[in-house]
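**Student:** Each protein sequence line maps, in turn, to chains A and B.
Under this note's numbering, the first residue of the first sequence is numbered 1, with each subsequent residue one higher.
Under this note's numbering, the first residue of the second sequence is numbered 1, with each subsequent residue one higher.
Keep in mind the hints are simulated off the structure, nothing from the lab.
Beta carbons: idealized from backbone N, C-alpha and C, even for Gly.
There could be a bad hint or two in this list.
A short list of chain A residues far from chain B (calculated; beta carbon distances all over 10 Å) [as the list claims (entries may be wrong)]:
{"#": "1", "residue": "L23"}
{"#": "2", "residue": "V43"}
{"#": "3", "residue": "V54"}
{"#": "4", "residue": "P105"}
{"#": "5", "residue": "P120"}
{"#": "6", "residue": "G156"}
{"#": "7", "residue": "L166"}
{"#": "8", "residue": "D188"}
{"#": "9", "residue": "V202"}
Below, simulated EDC-like cross-link-like pairs (lysine to aspartate or glutamate); rule was C-alpha separation at most 20 Å, straight line [unchecked claim]:
{"#": "10", "chain 1": "A", "residue 1": "K153", "chain 2": "A", "residue 2": "D40"}
{"#": "11", "chain 1": "B", "residue 1": "K122", "chain 2": "B", "residue 2": "E58"}
{"#": "12", "chain 1": "B", "residue 1": "K122", "chain 2": "A", "residue 2": "E73"}
{"#": "13", "chain 1": "B", "residue 1": "K122", "chain 2": "B", "residue 2": "E108"}
{"#": "14", "chain 1": "B", "residue 1": "K191", "chain 2": "B", "residue 2": "E58"}
{"#": "15", "chain 1": "B", "residue 1": "K122", "chain 2": "A", "residue 2": "D74"}
Beyond 10 Å from chain B on every Cβ pair, some chain A residues (computed) [as the list claims (entries may be wrong)]:
{"#": "16", "residue": "A3"}
{"#": "17", "residue": "A15"}
{"#": "18", "residue": "A109"}
{"#": "19", "residue": "R180"}
{"#": "20", "residue": "L185"}
{"#": "21", "residue": "G203"}
{"#": "22", "residue": "L217"}
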Amino acid sequence: MIALLVRDLRLAVRAGGGFGLGLGFFLILVVLVPLGVGPDPAVLGVIAPGILWVGALLASLLSLDRLFALDHEDGSLDLLATSPIPMEAVVAVKALAHWLTTGVPLVLAAPVLAILLNLPGPAYGTLVLSLGLGTPALSMIGAFGAALVVGLKRGGLLMSLLVLPLYVPTLVFGAQAVARAAQDLAPDTPLLLLAGITAGSVGLLPFAAAFALRINLR
Amino acid sequence: MELRVTNLACARGGVPLIAGLSFAVTGGEALVLRGPNGSGKTTLLRTLAGLQPALSGEISCPPEQMAYAAHADGLKSTLTVTENLGFWAAIHGQGGVSEAMAAMNLTELAERQAQNLSAGQKRRLGLARLLVTGRWLWVLDEPTVSLDADSVALFGAVVRAHLATGGAALLATHIDLGLPEARVLDLAPYKAAVTALPAGFDEAFL
Numbered sequence: 001m002i003a004l005l006v007r008d009l010r011l012a013v014r015a016g017g018g019f020g021l022g023l024g025f026f027l028i029l030v031v032l033v034p035l036g037v038g039p040d041p042a043v044l045g046v047i048a049p050g051i052l053w054v055g056a057l058l059a060s061l062l063s064l065d066r067l068f069a070l071d072h073e074d075g076s077l078d079l080l081a082t083s084p085i086p087m088e089a090v091v092a093v094k095a096l097a098h099w100l101t102t103g104v105p106l107v108l109a110a111p112v113l114a115i116l117l118n119l120p121g122p123a124y125g126t127l128v129l130s131l132g133l134g135t136p137a138l139s140m141i142g143a144f145g146a147a148l149v150v151g152l153k154r155g156g157l158l159m160s161l162l163v164l165p166l167y168v169p170t171l172v173f174g175a176q177a178v179a180r181a182a183q184d185l186a187p188d189t190p191l192l193l194l195a196g197i198t199a200g201s202v203g204l205l206p207f208a209a210a211f212a213l214r215i216n217l218r
Numbered sequence: 001m002e003l004r005v006t007n008l009a010c011a012r013g014g015v016p017l018i019a020g021l022s023f024a025v026t027g028g029e030a031l032v033l034r035g036p037n038g039s040g041k042t043t044l045l046r047t048l049a050g051l052q053p054a055l056s057g058e059i060s061c062p063p064e065q066m067a068y069a070a071h072a073d074g075l076k077s078t079l080t081v082t083e084n085l086g087f088w089a090a091i092h093g094q095g096g097v098s099e100a101m102a103a104m105n106l107t108e109l110a111e112r113q114a115q116n117l118s119a120g121q122k123r124r125l126g127l128a129r130l131l132v133t134g135r136w137l138w139v140l141d142e143p144t145v146s147l148d149a150d151s152v153a154l155f156g157a158v159v160r161a162h163l164a165t166g167g168a169a170l171l172a173t174h175i176d177l178g179l180p181e182a183r184v185l186d187l188a189p190y191k192a193a194v195t196a197l198p199a200g201f202d203e204a205f206l
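Just chain A, same shape as in the assembly (with noise of 0.2 Å):
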């Protein structure tokens, strides 16, 4: 399994392998909010939850259609079908590798451009833990999209049309930790709703896609 980790991040960070692509996704946005909503601080303050977690939900989205399709497209998912690593761990592993290429250059990078956007002081330490503590999820519900459509063509229109929904909660509980610190209010529920949701999913989920995956490789 940490053949399959490694293999994986090798990948993302070699040629064409979309490690910078969500970093990227982000940046852009952050760095054009202000300029389209002009510079007033204030309004920029209260937003800034808002739109730091809707970017880091979006760029995550953005590499996840990928996931399973690339390894479906040159037979190595039937491989490792037939390989002794169960189905569930290849989907766990799989969505881990996603969240540390795409989630964590995210939360590492959200307390700098939320600079840009003018987050209020007491939130940045809350904006850190609730995409740490959210991304996971966003990585594991991406996954299990992303196994539900792996044998389509152009399949992630339809895996972001099923996805988006499932990333209801996490955005709505991760933006309002966040708005809540902003307003020198305890984030404490919302951060711990956020916990459970990741904890679920990364529960649950590799069992679901794993499923799915097997139905699609027939």
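Since the structure of chain A is already known, use the hints to place chain B on it.
**Tutor:** Then chain B, alone, in the frame of chain A:
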């Protein structure tokens, strides 16, 4: 060690292709599957490898004992030959990467990325993967596509060496591999009559 298939029926896309198929392969044996295009060779091999369920019948050997090689080689274009092969060796918990490369005449290409290989070289790399799976039964779908005559002979020798160690091979191929001892099984007599979808209407969508 033996693979025994009894009264097997399998389908593709909800349409039954093969019915009533029975055969056995024991260690040290090679069985060549023949049949016109669309006669269900690939479907049979995918069923044996556990990638799709059989409609009916029994397969005595679990998929965990088979090394399956499909039309696609499962190579990552930005990884080198060594990295590609090393990945599959690690997945199967085996060593022997350099021996496998030597057996398929890939040693000189060890540091080349898979995207810079020719079609035949990719195929050789895909077949070298079989040597690092450590499984006794090879299930091969058209293994010699895009191989030149020398490479076909090389691969024939690799298969023979595998048989000599007590392994077995099930090959769907139209090309003579230089394995005169291999038995030939023609799938044409086992063609399934076209009937209504057996598992109900939904099967075509699953």
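**Student:** So which hints don't hold here, by number, going up?
**Tutor:** Structure breaks hints 10, 11, 16, 17 and 22.
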